[in-house]
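Read off the chains here:
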Amino acid sequence: MTNRLVEEVRPDPLPPGPTAPGRDVLQALRGDPARRPLVDPALAGGLREWLEDGLSELRLEPSHPLILDKKTLREAHSVPRNQGAQEVTHAIAVGLIMDALFRQLVTIGRIHDPMEDGLEALRIDPRRADAVTFIESLAPRDRTDFEDEVETQVAIILSRWPRLSPGWLPRTQERIAIPLVGGAIVLVGIVDLLIGAPSRGRASVEVIDVKSGRPRLDDREDLRYYALLETLRSGAPPFRVATFYTRTGQVDFEDIDDEVLTCTVRSVLSAVEQLVGRT
Amino acid sequence: MVGTSLSPVVLPKAAALTDALVAPPSAMLADEVVLGVRKAFVDALRAAAEGLGADRLMIDAFRIRALTEETSRGEQPFRWSPQAARRSIGIEAARACLARAGLTPLAAANDEVDRLVLSHEQGGSAAGTLGEWLAQLHVGARAVVIAEAAGWTSQLVSALEWERLVEPVVGANRRVVVPDVPNVALRMRFEAAHRSSGDAAKKRPAALFLMLPGRPASTVRLELGLAALAVVVDARTRATPHRVIGWWPQSGRALVVPVDEVLLRETAGRVVAAVQRAPRSGAPTSAPMEHQRPVHPQVASRDLRAAS
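Chains as they are written, first to last, in the numbering used here: chain Z, 1 to 279; chain U, 1 to 308.
Source of the hints: derived by calculation from the structure; they are not laboratory data. Fair warning: there could be bad hints in the mix.
Examples of chain Z residues toward chain U, derived with CB under 8 Å [claimed, not checked]:
{"id": "1", "residue": "Val39"}
{"id": "2", "residue": "Asp117"}
{"id": "3", "residue": "Pro166"}
{"id": "4", "residue": "Pro170"}
{"id": "5", "residue": "Gly201"}
{"id": "6", "residue": "Leu232"}
To list a few chain Z residues with every Cβ distance to chain U over 12 Å, as calculated [as the list claims (entries may be wrong)]:
{"id": "7", "residue": "Gly95"}
{"id": "8", "residue": "Asp130"}
{"id": "9", "residue": "Asp219"}
Derived Cβ-Cβ restraints for the label pairs, each shown as a range [said to hold, decoys possible]:
{"id": "10", "chain 1": "U", "residue 1": "Leu35", "chain 2": "Z", "residue 2": "Gly277", "range": "57 to 65 Å"}
{"id": "11", "chain 1": "U", "residue 1": "Val10", "chain 2": "Z", "residue 2": "Ser137", "range": "35 to 43 Å"}
{"id": "12", "chain 1": "U", "residue 1": "Gln122", "chain 2": "Z", "residue 2": "His112", "range": "17 to 25 Å"}
{"id": "13", "chain 1": "U", "residue 1": "Ala84", "chain 2": "Z", "residue 2": "Ser137", "range": "25 to 33 Å"}
{"id": "14", "chain 1": "Z", "residue 1": "Gln27", "chain 2": "U", "residue 2": "Gly102", "range": "20 to 28 Å"}
{"id": "15", "chain 1": "U", "residue 1": "Pro182", "chain 2": "Z", "residue 2": "Arg175", "range": "37 to 45 Å"}
{"id": "16", "chain 1": "U", "residue 1": "Leu35", "chain 2": "Z", "residue 2": "His112", "range": "55 to 63 Å"}
Positions of the beta carbon are idealized from the N, C-alpha and C atoms, including for glycine.
Based on the provided sequences and hints, a complete structural model is requested.
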């Protein structure tokens, strides 16, 4: 297992020259293709069986499937909070805007007007209506602070994020849904960015999460959960997972191996047990 | 039998899906069986459709599912959204990728959106079309549409080993009006069709490939059966489906359903039930239509292994 925090804060763009912007970020994201592990064809099936066996011992109702995402699982061991819709805060709104702008950069290669581009991306999604309302109703001074933060983070992205080869098949906001125990439990996730063609025997995909806030210990757990979902979905684990922090330009990555995935299975089973016991 | 699930752990997945698509038919429906199913279906549908308005009722997978899940469609008029647009753009982008080696899904989706916008701006698309909708979107919103379409295209292009398919049809989304029942149409939708080699002048067995969102529902067999039934009913097709493969990339699930008389009759029964349940004043929803276009395997060859 490799755990590393790379990339120091680098507020200024890389100097012109033979070193392309974000080359070191790219190296952290892609690693050495020759070192990517061969896929154990029995691994995904084994993980799935382990989950199925563990979950089948719980009292579940297939007619009312439990839909579990990273946040639900993360909070399973904490005191339950209000189960209603999450209230939009300054941090959440920044995160949503930055997710949209990151997606735009990967998709069309440019950002014109950060606030306008980001808001329009949110406006087209009815689920983001609350965030749009929140941003549009900010007091002038708060709105200025908000815009400053977004523009600062965009400047960091533009200076740090590398240009990806389209041949790596970058997929943004990729949805994954893994039904288990006859559909009584569904593990879901939306991955900010997946790169790499589907595996043909060697691990080939990387999972990337984008965070606009400060690094947290839970960030790694989120990535491991996504790694498990991708393994169950595709039959092959990602070779690496990474978080790109838009407020610093840092990349935190972890190579994925059997140990990481088996620990995550235990964590998911434990969280579901807590949740089912609570319902 | 519901169908055969492909193992979710076989790699490469595209090889397993293609194996299922190109495998020779285990059994072919006799012409008299097809004719019998079609006649019984049309007779039952004609009776069920009495009292429906003149507006055409579209039977699609959602209506089949709604019968079981007691969900309500709400009969809301169709509106473009990134999710509604991704397949229309993605099919054209996938065709371009399969025809031009080196073209990637992301570039192809960008190109297709540019083409639609340009076509609209030059007066080539009518009100309410995808081109018009895209043209009035701000760059931020348009990027969301392209991203959705590029993701969809990537999933389709990497789902199969296309070079192994014979005269593949890439994408079909047509309304099949049932003969003698003009106010009911079946949605014929699939992402790919592979026809076994043979005499081009005769009907040839075809395997259909559907790429579907989310995860398989309890009505999956009938939803896949609807694609086969629509082909059987459509007088324009010269192929008889013998197998339907459903692929859910979001969940990694695949299901192979052989097309037999039981499947067609069960599906026909469900369609009739959906028509009986439809509001008598029901207004149809409209959705984008695409036309099937063959992509020849000689130009469809593309090595995705180099893309890692």
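Against the structure, the hints:
Because the smallest distance between the Cβ of valine 39 of chain Z and any Cβ of chain U comes to about 6 Å, under 8 Å, the interface hint for this residue holds. Because the smallest distance between the Cβ of aspartate 117 of chain Z and any Cβ of chain U comes to about 3 Å, under 8 Å, the interface hint for this residue holds. Interface hint at proline 166 of chain Z: satisfied, since its Cβ lies 4 Å from the closest Cβ of chain U, which is below the 8 Å cut-off. Checking proline 170 of chain Z against chain U by beta carbon gives a least distance of about 6 Å; that is within 8 Å, so the hint holds.
Nearest Cβ of chain U to the Cβ of glycine 201 of chain Z: about 6 Å, under the 8 Å cut. The hint holds. Hint status for leucine 232 of chain Z: holds, given a least beta-carbon distance of 7 Å to chain U, under 8 Å. With 12 Å as the threshold on Cβ separation, the claim that glycine 95 of chain Z sits away from chain U holds: the shortest Cβ distance comes to roughly 16 Å. No beta-carbon of chain U comes within 12 Å of the beta-carbon of aspartate 130 of chain Z; the shortest separation is about 17 Å.
No beta-carbon of chain U comes within 12 Å of the beta-carbon of aspartate 219 of chain Z; the shortest separation is about 23 Å. Under the hint 57 to 65 Å, the C-beta atoms of leucine 35 of chain U and glycine 277 of chain Z, about 58 Å apart, fit the expected range. At about 52 Å, the CB distance of valine 10 of chain U to serine 137 of chain Z disagrees with the hint of 35 to 43 Å. Here the CB-CB span from glutamine 122 of chain U to histidine 112 of chain Z is close to 24 Å, well matched to the stated 17 to 25 Å.
Between alanine 84 of chain U and serine 137 of chain Z the C-beta distance comes to about 29 Å, which sits within the given range of 25 to 33 Å. Our hint of 20 to 28 Å for glutamine 27 of chain Z and glycine 102 of chain U holds, since their Cβ atoms are close to 25 Å apart. Checked against the hint of 37 to 45 Å, the C-beta distance between proline 182 of chain U and arginine 175 of chain Z comes to roughly 38 Å, which is consistent with it. Leucine 35 of chain U and histidine 112 of chain Z have their C-beta atoms about 59 Å apart, which keeps the hinted 55 to 63 Å range intact.
Hint compliance for this structure: hint 11 is the single one not met.
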